[in-house]
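Engineer: Taken in order, these protein sequences are the chains called A and B.
All the letters of the first sequence, read from the start, carry residue numbers 1 to 337 under this note's numbering.
All the letters of the second sequence, read from the start, carry residue numbers 338 to 627 under this note's numbering.
Note that these hints are calculated values from the structure, not bench results.
The structure displayed is predicted, hence computed values, not measured ones.
We treat Cβ as the ideally placed atom computed from N, Cα and C, and that holds for glycine.
Accuracy of the hints is not assured; some may be wrong.
Pair ranges (Cβ atoms, derived) [what the hints assert, rightly or not]: (1) B/Thr472 <-> A/Asp245: 39 to 49 Å; (2) B/Thr472 <-> A/Ser137: 29 to 39 Å; (3) A/Lys26 <-> B/Gln429: 31 to 41 Å; (4) B/Ser396 <-> A/Arg291: 24 to 34 Å.
Per the computed footprint, the stretches of chain B lying under chain A, defined by three or more beta-carbons under 8 Å from a beta-carbon of chain A, are [to be verified]: (5) 434-442; (6) 562-571.
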Amino acid sequence: MMQKVQKSTWIYLLFSLVLVVIPFVKDERWFLFLLIQIFIFGIFAMSYDLLLGFTGIVSFGHAMFFGIGAYSVGITLERLEPTFFSFLLGIFFAAMAGGIVALIAGVLTLRLKSHYYAMLTLALASLFLVLAEKWRSLTMGNDGFTFKIPELPEGLQDHRNTVIYMFCLLSMILIFFGLRRLTQSPLGKILQAIRENEQRVESLGFRIMPYKVIISVISGVVASFAGVLYAISLRFVDTSVFAIDVTLDALLMTIIGGVGTLVGPIIGAGLIEFAHHYLSELSDVHWIFERWIILFGIVYILAVIFFPFGIVGTIQRSFAKRKQRKQEVTKSKKIAG
Amino acid sequence: MELIINLAINGISTGMLIFLIAAGLTLIFGLMDVLNFAHGGIFAWGAYAGVWFFSLTQSFLLSILAAVVTGLLIGLVTEYLIIRPVYGNHIQQILITLGFMLVLSEMLKVVFGPDIKAAETPSYLSGSWTIGDVTIIKYRAFIIAVGFLVFIAMQLILKHSKIGLIVRAGVMDREMIQALGVNIRKVFVGVFMVGSALAALGGALFAPSSGVVYAEMGMEFGIFAFIVVIIGGMGSIPGSLIAALLVGISNVFMAYYLPILSMAVTMLIMFVVLIFKPQGLFSTSGVSNK
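Next up, chain A with everything else stripped away, as it sits in the complex:
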């Protein structure tokens, strides 16, 4: 049986097509690199949205999954031959490690109040940061290390950036549609019900814990995949992948773009990455721009208070309102007629 394709799917596919064409039109290195970063952080922010937006779990240690992914693939490619096989092996290690850490954190704290998961993940992330700094034989500490990525076949090697661009874009599109399918599935509905009213879901006969743990593992795996892409795009890993700034970025992107919308975090990632790019250029103009975390922090606080639905959420709400009003008008006309 053919399912009816949603109208929004066509719109998303159209945008994807535009993004596919971009590198053939505008081939500048910095611009491609910026877009690659947006795709990577878009994936990362989507994985965050699964927790914050769809289930109502706050994680303050999302950077650790990102870092785990980046280090897994980096170490695998550095220790083994830089072939496609070791690249796949790196992805496998990243997914396993990210999933296991998410499972442990989830099992330990998800039966408690939301505070606990936030605190535990924050503490765990700082543990991983310390580990990456101290375990010098494996991670090279603060200096980080460079590694080689697999050689591409003849002909493609000259267009390596474009290939990485396509790979990241394709990953983002596939993950986006996959996660959208997931959130619209019965599992997704239960998660959203948990977000709205945990006790109600429990009294309907669902056990809450397994659902929360499942989604935290999925989110952890997706986040470590974003870390893998990040390491590949830089061909370099250092401890900054575990920094709290990375978690803050994901938070900002999700909240400004719109929690619980999946496409919102991608838009948020675009905005924040462009802001990073231009603010760091502005630091020559005034020193305050070097402290851009202050600006981001203030924007973030204001967004939490005054703009809780984000860009996409606010648009969706205004559409829904208009639709409702239209229906009411037609209804009252029918009654009058």
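Please arrange chain B on chain A, whose structure you already have, making use of the hints.
Structural biologist: Same frame as chain A, now just chain B:
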């Protein structure tokens, strides 16, 4: 033997500093049901305020006073601007206070400069006593004394005064205490300010013992305070004291014998507590009924 005693004293004094932050955190959580992720930032501000005032006045007492006043003021502003709009919404509280934490630590860099600052110990507290083979660093002993005094004062005020009665009643049943004509909002503001002042006091005491202050210390010690609150149980002040001492001592011993694992052992204690007694060693609340 003297090594062990020295390490123990060192650990207890570290634990006392962590207790000062954790006590404010758990007090605020117990009464207001607000988890303040910006708490560590106030600790860092207390440390900077203390160091700055000491360099101006050369009076240790005045510098501590300045730190406490800083804590009270930041507490007032935080409650008013950050916490008040999001009462009752846990997720928003957690999100917004983390944002404020980052703003607070970045503001430190703007006001005092981004580099590490040296902190002096007042002359009458520097040096050490020697009893037999054991040398006791004076300043460590001083921190332990202050920590115990603060703990006893908090217990006395909470258990044996009118204000303490109101606060404890507020923890148990907020609506009832309001019905009895108590302005719980004002009590909230007061408790929040006191909790922040405790963190700032901890910061001012921490600076001379470590010798340096830096903007990231807020996050570092904030995490310790969270771990302590998890181990001790949310809302329990004796629990925080015991957990803080446990974390402080185990941390110092590990840092001496197995430096790589010093952070890990703290986490390990937390994991064990979370597995076997998730609501914390001394807690009355904390398990999710939402």
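Engineer: For each hint, tell me whether it holds in the structure or not.
Structural biologist: We went through each hint and held it up to the structure:
1. Between B/Thr472 and A/Asp245 the beta carbons are some 42 Å apart, a value that agrees with the proposed interval 39 to 49 Å.
2. As the Cβ distance of B/Thr472 to A/Ser137 is approximately 36 Å, the hint placing it in 29 to 39 Å holds.
3. About 40 Å separates the C-beta atoms of A/Lys26 and B/Gln429, a value consistent with the hinted range of 31 to 41 Å.
4. In this structure the supplied range 24 to 34 Å holds for B/Ser396 paired with A/Arg291, their Cβ-Cβ distance being about 32 Å.
5. A count of 5 residues in the region 434-442 of chain B with a Cβ less than 8 Å from any Cβ of chain A is obtained; the coverage claim is therefore met, three being the minimum.
6. For the region 562-571 of chain B, the assignment as covered by chain A holds, since 5 residues bring a beta-carbon within under 8 Å of that chain's beta-carbons and 3 suffice.
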